[in-house]
Amino acid sequence: MVEERSETLDLLNDQPALVRVENLYIEFQNQTVLRDINFSIPHGQTLVIIGESGCGKTVLMKSIVGLIKPTAGRVLFDNKDISKLTQRELSLQRIRFGFVFQNAALFDSMTIGQNVAFPLKQHTDYSKSQVEELVLARLADVGLPRSVVYKKPAELSGGMRKRVGLARALMLNPELVVYDEPTTGLDPIMSDVISELIIRTRRQNPMTSIVVTHDMHTARKVGDRIMMVYPISRLEPDEPQIIYDGPPSEMDHCRDRRVRQFVNGEAGERLMEMRFSEAEGA
Amino acid sequence: MLANVADVLVVWIADWGRMMIESVLSMGAFAVFVLDTLRWLVTRLPRRETLLPALYQVGVSSLPVVALTGTFIGMVLAVQSYAQFEQLGLGTRLGAVINMTLVRELGPVLAATMLAGRVGSAMAAELGTMRVTEQIDALASMGSNPISYLVAPRFLACVLMIPALTVMADFMGIAGGSFFSVGIYQIDMHHYWSNSAKFVSEFDLFCGVFKSLFFGAAIAMVSCYQGFNCGPGAEGVGRAATASFVYSFIMILLLDLFLAIGLDAAEDMLWPSGGSLI
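Going down the list, the sequences are from chains A and B. Per my numbering, the first sequence starts with residue 1, numbered consecutively. Per my numbering, the second sequence starts with residue 1, numbered consecutively.
Chain A extracted, bound-state conformation (with noise of 0.2 Å):
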């Protein structure tokens, strides 16, 4: 199993990267979240971006479909810098991203229905029964009953928000799925769920993800290559962000302790730091 993993990995390296993301700095009001951040992801390649909370995780992922603006650096999508787009080329560029939000983002004045065929609505001019059918048919795909379309987001659990958020992110068939966070405050067989349904997606249509996570439960099963990002605040001015980058099957026998701590989830020396700061506090 591992080493068909590896050599599935080999195969989709090979092939063009669809995003290419350079020299990429991210900071808010004089606090730098991501520095010199360069990477690229095949066509095809699911990647699992993991990292304690706070690393920039997320800004990574919005920078990457264009809702954050990088301060230095560019991401390349299809070889088109998103940040130089206009914002007809940037919206056109989007369809073509499928985006799971980490509580969904449904808007809540919308049925489930009206939402999952709010992309179709936007973008298409299929008939009321063409997008009635097509809403229907994603549900089914993540396991949803038909008897959802009414309700509204407030009514449903946060497993089957996620569910219909991923209906939603697929609807327009997209090159692109970014997931964030799609297992966090899920129970574990839901959390299971979810995973499953992101290899099915993949197996169904063949398309490039990338799934922020921290739970490494997830980050295993779906992907096919990882790579982990350390907060700034604990790195020297010199070290590199992303500290791991490669293989789910490599991470066990890492040689960085900070990797191999995040995987085992041991506090290690920060259980120390609390205790500093607790005896500072008395």
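Treat the hints with care, since some could be wrong.
[Unchecked claim] Sample of chain B residues at the chain A side, in silico, Cβ under 7 Å:
no. : residue
1   : Glu134
2   : Asp137
3   : Ala138
4   : Ser141
5   : Met142
6   : Ser144
[What the hints assert, rightly or not] Below, in silico cross-link-like pairs of lysine to aspartate or glutamate (EDC-like), each with a Cα-Cα straight-line distance of 16 Å or less:
no. : chain 1 : residue 1 : chain 2 : residue 2
7   : A       : Lys221    : A       : Asp252
8   : A       : Lys152    : A       : Asp108
9   : A       : Lys221    : A       : Glu250
10  : A       : Lys69     : B       : Asp137
11  : A       : Lys80     : A       : Glu175
12  : A       : Lys221    : A       : Asp192
13  : A       : Lys151    : A       : Asp108
14  : A       : Lys121    : B       : Glu49
15  : A       : Lys128    : B       : Glu49
[Said to hold, decoys possible] Some chain A residues judged to face chain B by a derived CB distance under 7 Å, without partners named:
no. : residue
16  : Val65
17  : Leu67
18  : Phe101
19  : Ala105
20  : Phe107
I should point out that these hints are in silico values taken from the structure, not numbers from a laboratory. All values derive from a computational prediction rather than experimental measurement. Ideal Cβ positions, reconstructed from N, Cα and C, are used throughout, including at glycine.
Fit chain B to the given chain A structure using the hints.
Only chain B this time, still in chain A's reference frame:
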């Protein structure tokens, strides 16, 4: 001692400098937001399904509250003015005073204030919640422009519906004022209305409605801007809703002053020998 004073002075100047820079940046960001909205209005009109609910929320839902406040303001004006005018033997001129005040000033300002409180704050809170829960990001990520989809219909609804609300406030105020003056204070109805007709012209009605267009545009822009730039969490949404009302109200007062000066000058130019109330 001198060093301490110098330090305090430096901190004070730095604080003022920072405040000035932040104010200029906010004004610039607001101007860009307004221009972006106008640009989207020119390039693509909002869709029916986004415009109709906005028109309903701004216009139809606000009618009862605007009508109620208009009626009471008209009656209060009658109560406050009656004693003085009656002492001077000018009771029959009450209609002219009440109706002129309502049509030219109180009607539009009252309708705008109610709109800022009822609709402006709600718009800021709604858009703020959408910002906090990433719904605005979701909209953008699906290739739709949030300004075109969320702001343009709200702006159009405010600008299109506020003249109707102003006319409603005027009408109900005039009705309330006449009810109290004629019905309670027994002022002669014929003279009450003929004096009103003599001094309140179509231009006065136009002034009120014309001003309301600017008030509506200001309320929509300020409220949507506050919602779009809302801080994190419930506190951020609350602050955005409060700030939208406060800034809208300040904008209404400022615009009212400058428009009143401009319209008075225009009236003097068009009709140099205008009538006098006394």
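Violated constraints from the hint list, given by number and in increasing order: Hint check: nothing fails, all pass.
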